[in-house]
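Peer 1: Below are the chains, spelled out letter by letter.
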Amino acid sequence: MLQDIACGEASCNTDGVYGNDFGAPDDPAGQSLLDQVEAAERELRSAAERRLAGDDHLQGYFEAIIEADQKVEPRDWMPDDYRRSLVRQIAQHAHSEIIGMQPEGNWITRAPSLKRKAILLAKVQDEAGHGLYLYAAAETLGVSRDELVELLLSGRQKYSSIFNYPTLTWADVGAIGWLVDGAAIVNQVPLCRCSYGPYARAMIRICKEESFHQRQGFEILHTLAHGTPAQREMAQDAVNRWWYPSLAMFGPPDSDSTHSERSMAWKIKRFSNDELRQRFVDMCVQQASVLTLSLPDPDLRWNAEREHYDFTQPDFDELMQVVKGNGPCNRQRIEHRRRAHSEGAWVREAAAAYAAKRAVREPAGV
Amino acid sequence: MTDFEYVLGLGDDALVAAQRLAQWAARAPEMEEDIALANIALDQLGTARLLLTYAGELEGADRTEDDLAYLRDDRDFHNCLLVELPEQDFAVTMAKLLFLSAYQKPLYDRLADSGDERLSAIAAKARKESAYHLDHASLWTVRLGDGTDESHRRMQDAVDRLWPYTHELFEGEHADLRAQWLATVEAVLADATLTRPADGGWTPGGGRQGLHTEHLSYLLAEMQVVHRAHPGARW
Ligand SMILES: [Fe+2]
Ligand SMILES: [Fe+2]
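Protein sequence lines, in the order shown, are assigned to chains A and B.
Residues in the first sequence are numbered from 640 upward in steps of one, following our numbering.
Residues in the second sequence are numbered from 179 upward in steps of one, following our numbering.
The set of hints was computed from the structure by calculation and includes no laboratory data.
Here a beta-carbon is modelled for each residue, glycine too, at the ideal position from N, C-alpha and C.
Honestly, I wouldn't trust all of these hints.
[As the list claims (entries may be wrong)] List of simulated lysine-lysine pairs, DSSO-like, C-alpha gap at most 27 angstroms:
1) B:306 / A:754
2) A:754 / A:847
3) A:996 / B:303
[As the list claims (entries may be wrong)] Which bits of chain A does chain B cover? Going by a derived footprint, with three or more residues having C-beta under 8 angstroms, they are:
4) 712–726
5) 741–752
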C-alpha cells in the first residue's frame, strides 16, 4: 500500500494538494465562503440522520452512498482506489500544513509588534493542529502517521509547492495570509462536502480557522499599504511575488490534470482546477482594490460576456520545476523537517522508554 | 505604589521567555509538542503585553508595550538571566521552563492577592497558565530523566548548567519564595531520578539591574530589527 500512495514523479500536485475544489459559481466572492462551510456542516448532520440501512460490504452500497450524497465512514467497504486516492490526498494535505509552518514561522521572532507576534504564533500553531487532524483522518484509512511522515521525509510524497517559495520580508506574512490561505480556502471549502466523512469533518474545522488566517493576512497588508511609503512598497512587492505562485496552487490547467475525473465521480473533488482558479481571481480583484494594491497582471480585466475576470495564467513550467524539487526552497524545507525529526528522535525515544517503564510499574487497570 | 522597574522586570521575564520558546516553532521533537510550546509561548507573550502596558502607565511617559519591547536596548531590560539563555536542546528548554514556572506560579499567587488591583488581575490570569507550564515541564523532566540513558544524561546536564541561574530569581523582596520553589523542584527532580545540584559557588546575576549575558543583545537584535527599521510606523 505505501508504495501505491507514494507520489509518482510530478503528478501529485494535480490532485488536490492543499485542496482543489470550490463552491457555487455565482455566489458573491469572499464572504460566502464561511456560509458554504456552515452549509456543509448542516449537510453532514443530515446525511448522518438519513444514513442508509443496508449491507456495509457491497460495492452497490458504496455507490449508493456516493449517489445519495451520504458520507463514507471508516468501517464501510470502499474500493481500493478510492482508499488510495484519499490517503494520498489527505496525507499530502497534512504534509502541506506541517511544511507550511516554516515560511511564516520564519517571521515569528521578528514580528514588528507584540500583537502581530501573538497572532502569527497562534496561526503557525493552528497549522500544526491542521496537520494533526489531517494525519488522524488519514489514519482512519489504515495507515499510520509515522508511515506518512516517513513518506514525506524521504520525498516520496509531496506537499504544496507554494511553500517552496521564500518569505523575504514581513509583508510576505501578510501576502501568504491573504493569497495562500485565501487560495487554500477556495480549494478546501468544497472538500467540506467530500464523500469521505472523516476528511469532510476535518475540513470543516480547518476552513473556519483558515478564514481567520486570510482575514489577518489581509489586515497586515491593509495596514502596510496605508502606512509609510516603505511599508507600502514592501506590501506591493510581496503581492507581486506571491500572486502567480498562488494561482499555481490550483494545479495544472484542466486539460493536463490527471486523477480529476475519477475524483469528481467519487465526490472527493467537486470543481475543476480552472474553475477554482477563476473563482480565486474574481475574489482577489475586489479585495486588492480595498487594499489599494495592484495585482501584477497587465491583462487582468473584467469580461462582461463571461462575467469573470480575464487573467494571465501562472507559469506552469515553473510549477512543474518546483514540483520536481527545483524551487527556491525545496531543499531547505525538507532539510529543516528532517533535522527537526532527527534532532527530536532522542526525545521521542525517551518518552517511549518512560511509557514502557510505567506500563511495567503500573499494570493496566491501575 | 507599585514600582515601574519591578513590573517591567516581570514583563521582561515573560517577553524574553516567549521569544525563546517561539524559536521552537516548526522544530519541536513531536507535532503535539509544537502546539504545546506555542501555547506556552503565547501565554508568556500575553502576560508580557499586559505587564508592559501596565509598566508604561506606571512610568507615565506614554510608552506603549511596543515602545518598551522594541525600543529599549539590552542594558534597559530587567529580565532574569535564566530566560535569555539559548535553547540548546529540548532538555534545556524543559529545565528552563521548570525553573521559571516553579517560580512564576507562587509569585503570581502572591501578586494576585496584592493590594495593586491591576497587578493582581494580571497575576490572577497568569497563575493559571503558570500551573499548566509547570505541569508540562514537570512531565517532560520526569520523562527525560527517567527515559533513556541519553535523555537522562541530557536532562541532568541541563539541570546542572541552569541551576546557578535560579538564585537570581529570589533576589530582593520575594526571597522567601525559594523554599516553596525548592519543594516543587526537588520533588520533580526526585521523580525524574535526577540529582539536585548543590548550592553555593557560582551565582550569576545582574539581570534585574540590566547587566545581562552576551546572548540577550542578539535576541533583541532579532526581535527588534523590523520595528526599528521603520521608525514611527504602525503595524
Ligand atoms: Fe492550515
Ligand atoms: Fe492557514
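Peer 1: Next, verify each hint and record whether it holds.
Peer 2: These are the hints, each one checked on the structure:
{"no.": "1", "hint": "B:306 / A:754", "in the structure": "holds, 21 angstroms"}
{"no.": "2", "hint": "A:754 / A:847", "in the structure": "holds, 21 angstroms"}
{"no.": "3", "hint": "A:996 / B:303", "in the structure": "violated, 36 angstroms"}
{"no.": "4", "hint": "712–726", "in the structure": "violated (count 0)"}
{"no.": "5", "hint": "741–752", "in the structure": "holds (count 8)"}
Hint violations for this structure: numbers 3, 4, all remaining hints satisfied.
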